[in-house]
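Novice: The residues making up each chain are set out below.
Number of protein chains: 2
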Amino acid sequence: MSETEHGRGSGPSEEPLTPPDTRAPSHAERAFTLVASRSVGTLATVAKEPAGYPYGSFVTYAMHDASPVFLVSRLAVHTQHLEADPRASLLVAEDGEADPLANGRVTLVGEVRRVGGKAEVQSVRAAYLATHPGAAYYVDFTDFGFFRLEISAIRYIGGYGRMSWVEPGAWREATPDPLAAHAAGILAHMNEDHAAALAAYARAFTRARDAEEAVMTAIDRYGFEISVTTPDGKRPARLAFDAPIGTPEDARAALVGLVKRAREALAERDL
Amino acid sequence: MSETEHGRGSGPSEEPLTPPDTRAPSHAERAFTLVASRSVGTLATVAKEPAGYPYGSFVTYAMHDASPVFLVSRLAVHTQHLEADPRASLLVAEDGEADPLANGRVTLVGEVRRVGGKAEVQSVRAAYLATHPGAAYYVDFTDFGFFRLEISAIRYIGGYGRMSWVEPGAWREATPDPLAAHAAGILAHMNEDHAAALAAYARAFTRARDAEEAVMTAIDRYGFEISVTTPDGKRPARLAFDAPIGTPEDARAALVGLVKRAREALAERDL
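Quick mapping for you: the protein sequence lines, in order, are chains A and B. Throughout the first sequence, residue numbering follows the working numbering, covering 1 to 271 in sequence. Throughout the second sequence, residue numbering follows the working numbering, covering 1 to 271 in sequence.
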């Protein structure tokens with residue numbers, strides 16, 4: 001199975017315990033965050049031999065403005081393809097989930113062209129070497145050059161049942177989630193050390209007033225997601241922060257503030 | 001940087017300490033082993049919108065005979081592409097090395113067609129579900145079907161400086177290395193517990209008679225590779241088994257036998 005528009009069989013479909021309009025990252029933001037968090041992907045080009053076949057090759061990339069840039073040799077097969085036909089796509093996939101189809105992935109479609117202009121090359125070079133410092137060893141070889149994917153279409157698949165075509169305008173305006181690099185650490189910390197706080201969030205802020213426990217499954221600048229154990233089984237819920245946050249310290253402050261409000265709400269309920 | 005034909009900058013190029021014709025897996029065997037050891041890759045298809053662009057999507061696959069097979073929904077974007085144009089490729093990439101371009105990858109180019117015939121479908125289904133047991137949940141949904149990549153060209157890149165086009169005939173005759181799933185465990189065991197044996201291999205069987213130590217870096221049915229610390233720095237060496245081996249137990253017996261011969265050769269040298 002792979003990317004599909006249908007719902008059947010696409011994993012847990014239980015109704016969430018919080019309103020569906022709880023603020024969450026847009027697909028443009030999710031896609032941009034995913035691509036910005038990775039640095040390897042699959043470049044698909046139009047093969048010269050066998051002519052016209054779509055050809056996938058492994059590439060490293062960096063982000064420069066809102067476009068992936070590549071450092072490739074003109075001797076490489078895909079560079080030869082691109083010089084004959086610039087049409088291409090870059091697939092970037094997350095890893096992490098045991099079920100590979102539960103991971104997110106993004107296909108960026110467009111044309112790959114050589115970066116021109118001395119100032120522009122210098123800027124791209126700095127971005128590329130910041131992401132791939134080991135490339136300093138061959139960046140100045142004469143057969144290597146920088147190329148950029150000029151994006152015209154963006155396909156986002158966030159796992160089962162979360163997929164769309166992202167508007168290029170929304171892509172260009174998106175910024176990577178500032179918590180992305182810290183999310184795994186925050187989740188581990190909350191789930192290991194703050195089970196009581198998570199259960200309080202669930203009881204106070206979701207329809208599951210009798211929640212037994214809750215596990216944090218995701219966090220982003222707009223809020224976080226929990227899997228709540230209820231008498232009827234596990235149910236997902238999303239809670240929003242009052243305002244978007246920018247750092248792990250802000251996240252901590254927001255989570256602490258929410259515990260306080262949750263406990264106040266639960267105490268009031270018990271009166 | 002990515003797949004290139006050139007040698008410059010392509011990692012360590014020190015002359016090996018053993019003859020270059022020491023028996024090793026063919027590129028067909030290496031490529032087949034890599035593809036058989038994985039179950040996810042990137043399928044490149046010809047897009048319908050934007051029309052004609054090569055489009056990469058994440059897929060799960062299983063091997064059936066010597067071909068990758070896929071279970072896809074006719075609602076999926078790539079299935080719609082394939083129904084209009086069967087030309088495709090599948091890129092499968094290893095992970096593991098810190099330097100992503102040091103990992104192996106294989107591009108299989110060909111045409112993807114629906115598997116037909118009840119017996120053939122049953123056989124493909126069994127192979128697919130053996131690799132992806134979770135797919136049992138949706139395998140019988142009416143919009144899902146099995147497709148096969150009929151391979152016409154194979155590109156193998158084994159990391160820096162090891163790459164070629166593999167003949168389809170050699171691909172079909174290749175079998176996966178029987179040690180592939182055990183190699184990491186054997187390497188860890190040898191490097192943690194048998195440093196003296198590894199040093200003895202290096203001193204007895206390579207040109208590095210004054211080797212200080214050696215680390216095992218790879219093992220396959222035909223032999224193994226070591227990185228030898230010499231007074232001039234680290235040098236690679238490959239040693240072959242007397243005959244191809246089929247199990248981890250055979251590997252152990254072969255490695256023990258080689259230690260004995262190494263110690264005998266070194267004792268003789270000291271006389």
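Calculated from the structure, these hints are not laboratory results. Just so it is clear, CB atoms sit at the ideal spot from N, CA and C, and this is done for glycine as well. Where hints are given, some of them may not hold.
Distance windows between CB atoms, simulated [what the hints assert, rightly or not]:
{"hint": "1", "chain 1": "B", "residue 1": "Ala-136", "chain 2": "A", "residue 2": "Arg-269", "range": "24 to 30 Å"}
{"hint": "2", "chain 1": "B", "residue 1": "Thr-131", "chain 2": "A", "residue 2": "Asp-143", "range": "23 to 29 Å"}
{"hint": "3", "chain 1": "B", "residue 1": "Asp-99", "chain 2": "A", "residue 2": "Gly-233", "range": "41 to 47 Å"}
{"hint": "4", "chain 1": "B", "residue 1": "Ala-136", "chain 2": "A", "residue 2": "Phe-141", "range": "47 to 53 Å"}
{"hint": "5", "chain 1": "B", "residue 1": "Gly-96", "chain 2": "A", "residue 2": "Lys-118", "range": "21 to 27 Å"}
{"hint": "6", "chain 1": "A", "residue 1": "Glu-212", "chain 2": "B", "residue 2": "Glu-83", "range": "17 to 23 Å"}
{"hint": "7", "chain 1": "B", "residue 1": "Val-256", "chain 2": "A", "residue 2": "Arg-114", "range": "14 to 20 Å"}
{"hint": "8", "chain 1": "A", "residue 1": "Ala-119", "chain 2": "B", "residue 2": "Ala-136", "range": "55 to 61 Å"}
Novice: Against this structure, judge whether each hint is valid.
Specialist: Against the structure, the hints:
Checked against the hint of 24 to 30 Å, the C-beta distance between Ala-136/B and Arg-269/A comes to roughly 44 Å, which is inconsistent with it. The hint said 23 to 29 Å for the Cβ distance between Thr-131/B and Asp-143/A, and at roughly 40 Å that hint is violated. Checked against the hint of 41 to 47 Å, the C-beta distance between Asp-99/B and Gly-233/A comes to roughly 45 Å, which is consistent with it. Separation of Ala-136/B from Phe-141/A is about 50 Å and conforms to the stated range, judged on CB atoms against 47 to 53 Å.
For the pair Gly-96/B and Lys-118/A, the beta carbons lie near 38 Å from each other, so the given range of 21 to 27 Å is not met. In this structure the supplied range 17 to 23 Å is violated for Glu-212/A paired with Glu-83/B, their Cβ-Cβ distance being about 48 Å. The hinted window of 14 to 20 Å between Val-256/B and Arg-114/A is violated, with their beta carbons roughly 56 Å apart. In this structure the supplied range 55 to 61 Å holds for Ala-119/A paired with Ala-136/B, their Cβ-Cβ distance being about 56 Å.
The structure fails hints 1, 2, 5, 6 and 7 (numbered hints given earlier, in ascending order).
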